[in-house]
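Protein chains in written order, with the numbering used here: chain A, 1 to 795; chain B, 1001 to 1795.
Take the hints with a grain of salt, since some may be wrong.
As the list claims (entries may be wrong) - Listed below are the simulated DSS-like cross-link pairs for lysine-lysine, each with C-alpha atoms no more than 30 Å apart in a straight line:
1) B:1302 <-> A:551
2) B:1302 <-> B:1323
3) A:551 <-> B:1323
4) A:302 <-> A:551
5) A:717 <-> B:1551
Hints listed in this document are in silico derivations from the structure and should not be mistaken for laboratory results.
Listed below, chain by chain, are the residues.
2 protein chains.
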Amino acid sequence: MTAVETRSGPLDEAELAGLDAYWRASNYLAVGQIYLMANPLLREPLAAEQVKPRLLGHWGTTPGLNFCYTHLNRIIRQREQQMIFLCGPGHGGPAVVAQSYLEGTYSELMPHIGRDEAGLAALFRQFSFPGGIPSHAAPEVPGSIHEGGELGYVLSHAHGAAFDNPDLVVAAVVGDGEAETGPLATGWHGNKFLNPATDGAVLPILHLNGYKIDNPTILARIPDHELVALLNGYGWHAHLVAGDDPATMHQLMAATLDVVFDELATIRHDARNGAGIERPAWPMIVLRTPKGWTGPVEVDGKQVEGSYRAHQVPIPNARTDEKHRQQLERWLLSYRPEELFDGEGRLRGDIAELAPRGQIRMSASPHANGGLLLRELRLPDFRDHALPVPAPATTTAESTRVLGGWLRDVIAANPDNFRLFGPDETASNRLSAVYETTDKNWQAALYPSDDRLGPAGRVVEVLSEHQCQGFLEGYLLTGRHGLFDCYEAFIHIVDSMFNQHAKWLKTTLSIPWRQPVSSLNYLLSSHVWRQDHNGFSHQDPGFIDHVVNKKAEVIRVYLPPDANTLLSTMDHCLRSRHYVNVVVAGKQPQLQYLTMDEAIAHCTRGVGIWDWASNDDGDPDVVLACAGDVPTLETLAAAALLREHLPDLAVRVVNVVDLMRLQDEHEHPHGMSETEFDALFTRSAPIIFAYHGYPTLIHRLTYRRENHANLHVRGYKENGTTTTPFDMVMLNDLDRFHLVMDVIDRVPSLRSRCAGLRQRMADARLAARAYTREHGLDDPAISGWTWPYGEARAE
Amino acid sequence: MTAVETRSGPLDEAELAGLDAYWRASNYLAVGQIYLMANPLLREPLAAEQVKPRLLGHWGTTPGLNFCYTHLNRIIRQREQQMIFLCGPGHGGPAVVAQSYLEGTYSELMPHIGRDEAGLAALFRQFSFPGGIPSHAAPEVPGSIHEGGELGYVLSHAHGAAFDNPDLVVAAVVGDGEAETGPLATGWHGNKFLNPATDGAVLPILHLNGYKIDNPTILARIPDHELVALLNGYGWHAHLVAGDDPATMHQLMAATLDVVFDELATIRHDARNGAGIERPAWPMIVLRTPKGWTGPVEVDGKQVEGSYRAHQVPIPNARTDEKHRQQLERWLLSYRPEELFDGEGRLRGDIAELAPRGQIRMSASPHANGGLLLRELRLPDFRDHALPVPAPATTTAESTRVLGGWLRDVIAANPDNFRLFGPDETASNRLSAVYETTDKNWQAALYPSDDRLGPAGRVVEVLSEHQCQGFLEGYLLTGRHGLFDCYEAFIHIVDSMFNQHAKWLKTTLSIPWRQPVSSLNYLLSSHVWRQDHNGFSHQDPGFIDHVVNKKAEVIRVYLPPDANTLLSTMDHCLRSRHYVNVVVAGKQPQLQYLTMDEAIAHCTRGVGIWDWASNDDGDPDVVLACAGDVPTLETLAAAALLREHLPDLAVRVVNVVDLMRLQDEHEHPHGMSETEFDALFTRSAPIIFAYHGYPTLIHRLTYRRENHANLHVRGYKENGTTTTPFDMVMLNDLDRFHLVMDVIDRVPSLRSRCAGLRQRMADARLAARAYTREHGLDDPAISGWTWPYGEARAE
């Protein structure tokens, strides 16, 4: 840790005065946003009704954020540096809104917030006010790609933004509260995936202001030698900027940033001129300032500046208590607004000149409105990867392995615009064809024995779902494309990150200047039904349930049953914009059903009758519906059993790829009309629905349908263990034999006359289970089952 | 980092031979479990059919785990040290099962796995076999409180287990894959909450074997100086044990453990004799050994030992390929089983003697079967904290603040048996009365200005939901009690941890020797409806949806509408065993409805008609149902509007506290029968249900009910922002005016004749919104609303 210890520094008197004025202006605007409804320049004594009735804001983190931003502006101007600003701390809104306003961006994008007194009043009033803007660095804030409402992801987002952006510096302020979270604690390791030759830089600024809501923070209360060791251990070169005297701190920060950006320049130069092969120790800054710096020192006799009491609103009763109001007024005037704004409320010209110009302003960077930079993916034709399927359900393949071949070509065709992220599972998920064209990204030590590991790899694997998700979000929000492949059960690790991203997407839909970004695509493989050796802890299909709670406008869920439908689905997802696409597909060898043409047609409809598996002639006695690869297999096997044992029974098989088709058209853009639904599922025939996940989801999607009362769903009911595939479906009553029993139970005409068949099915279950317990394998007659009625297609 | 560098060491020849034999025995048993169906002692040449047909296991981590366990046994014997063993790496089952078997515990608890040749055969066969046991350190493994199927939580669990267990050492092996996860990365900071005077010790053993499934690990590939800095920075004193020669490594490990346990003894002694006031640098071990150590060096010409290829089954085709089978046989024989087991297959006596005895065996420790140690909480009478409610819905209070008073007394009455965990939100959630009796736990630096911060605090606050959850799980699984209070939206951060704990509870229900533990209790406050200044990122009521996917046997969800119902509910939860209890309750001032006697009666039923708010005389025209404090308020206000405008309409108000009552009695133990449900909700009247969370959950719980077709649910539909409470309910159509409009729309007799009233309600919404936009506040006529028909109770 290098500390610049002199009071003197690189700033001459005018520069110092200018920086300080800019900082004061931003702090003034921040306090104004938190407190004022009117009288923004304090031209008259502050009156009660000019103070907001509900004071909702967070002062504590604000002056430090403004300090960082102001100083980064100096670097941007001096070096013409492309930079974006990620605000890790929660409730950083007052600072980043102020900065965006000072740079002019705010008024350019939102002309009703002009650069005059009326604009100032509107700026202040709207903050944390009904009909106004949130208190975080939310999507509404120009220049933001990171809201910071939920803490922990700023370093993951920052690294994702820096990937393949060689000229960009991503400044990422890390709050010391946020620093206690798990995701942030591993986020520091992002530097093991940052290639100085082809990626941008991440500049973490760990802002130690000492306190969270109600407690000190860990990193602010460990000794300096531990803090330095920790950050160096993470692979960063830490520079300390600590103090509370503004003039001294300006010199320190300026001097430190000069050093830091020289270090960054050296790292880039070395890496891009063949000199740097070792992973560099990237510079970072530890900024230690009082919480609520420059705010009230004491309120009502209690310390505020430098304590947790500065966290939110330091002077709580400014509207109702005259003494409080006077203290607020003194605080605002301490920034000397008369030196900052002219008679019309415009920022004075000499101060305004300190802001960068045009797109180099952090608030106006297109990198922070990634849709502006979005380049179409070059997608190789997925039809070229079609798996030949000579007859339905008679040949097997690993569907994700087929997808891997296409993904290899996607990666090759988009060498700086697409990445694949995964927690060490890309090969396990059978996507290893991608390694024919690229490496696993790795900036740490390399050994001669290493396989497909290297600094330029397009596959980013780290055993942290949080990092994978955060990297991908940062990559997408800066205008690129990607896919996250994950074990199905463990995607729940990022439930809350998904929430925040889905909220970001939903909110940006109604912000006219935000351009759509590429969709966040999940491939969930190694799913609940095929955790043969991982067992119960790895069995959870509930992410779909979680996802569909979010706004229908941004949510899509697909369960392609075989390789060709998976290819068609993923092509569709990678072309899409501004969605979260969840694709669930197994990696194990499985029966293949559809030719590519059939697959495309089926995926286009999203749901359809499989005529080759049906014998209903338009009027079924029962509908066997299925969604997901394993339920589809069991459904077909059940259909075959029914055709064998009850040839007169009219059975219709319906397969669902696009789960949201099941919903009402008024609930989801993909939803089916009542007429369409009834045409497929009938208005009165019993429906036995074999579903991949928790059965209640199907009810939840269909409860308004006319025929819902006849819908009987089988799925995962949280019975699991280490066992064979068929034992797993039996444990959950999703197996072919049980589906036949369900048909007998639900079709009134069968109930009495099929007691014998029902018993034979129950016996078959017992026999299958006994076989498995004895041999440790499924009966080959079951595991090797194929559709007995298929005919080879003429292809 | 201290490295013992000499080949010599503390072990004499006999000790060395003994330790090595014990280790070989455990490795032999591990390989046997992965591979063998029969012939466990290799008395005859290994035949194909004696090898399991599906080889499902993970060798890579196993020898290192066995090495640690064997050496810890030496310390346990020498020092009579109470210790438990937490196996962080996934798939550690072969090791911990082997150890438990060698100690005799396995056969004591599962007599069919005897200590003879037949027992060995059964032990081998059951592993990762249908009907057998999982491959992790699952609940089925004696001595385990940490499954390790999902990675990242071993240090959080370890610290939770050590809290208030002053004589216990919790050895926690951290896999280097696991070490990349966020929760583990912050888990190291657990030492800031470990009090050497009153807590036990955590001994982390970071096991660097270099590889995950398909990649090297970060911590194994950073230079030693970074690794040492990182661990020291986390506040640990790291000791290095590195190598691959067994004899050398035995000496190194023994010498290091001697030093480590001397350090632990000194820390304890100092802290317990007044000498230690500084947070100590707790010792830990970095164990660097080859992945798959002692396994095959090469298979089919490719390196296995020391590479990622050792991760799972190193010799893949041992059943079908004779060369592979011979290599497996050589590998097994390399452990010299004839020296380890006698003619009957019993572990030889001199080796068996190296195991500790009785409860001091890690596999038999009651700390790892916490129900055995469970002491009843001393619960002060919650009735003493009753809030006077002179008339329903006419007075206000902060419900969680009332709860705080009782929790204070719970903490005081259980000074070493109950803890409150929270991510810096306990005061924010209005539970600050607890600080009248205790501190916030803090072992880092203290400043004179600190408030209620100290090393003995019973409230553990860290800004990591992962740590809070992990600490609490570790605390509960070792036989204590606790409560986790959290912002509702951010409990999703631990969705996957909840999954794993719920699975653990479900599985242990069918393990006879596992005793029930105390329930995991969540108090979710700062909920979706009252995020007035936090906005959209803080608005998510979906944890309930997530929770109810798990087994009904272990899941309970409560939505107490006021202070007295919250007290009664929480008393019930803290008394309960082996559940996950989710309690959602607001912290803001709100109307109070029930006296304590009424609250107890209402909570006992879980759902009931509120007669004082109804005017239906047993035959309602409409049922207004509600669950959650804010929906209850809006429902009552709607009932009042209906009584005012449509006095002839028979309105029934039903409040639901225990959400699972809505389900069918066959689906959930708390579920209502059809008769009960119909008695409350009728078989034909329209039901307007105002629900706290996503509306679909109510449909999902009730779709089988006769009257479901008439059920119309209002709730959160993912419309949120920073705004006033009433604006929030309006945004989601949950407000009183909209509920009245819903009644008009759903009660056929009203539709035509109430168009005027419907329009007035719509106008009232517009007026309310306009008021809010202008004043930044809700109209006081709305925010100050009380039930106009109440009469004071005689109390």
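* Asked: Can you list which hints this structure breaks, lowest number first?
  -> 1, 3 and 4
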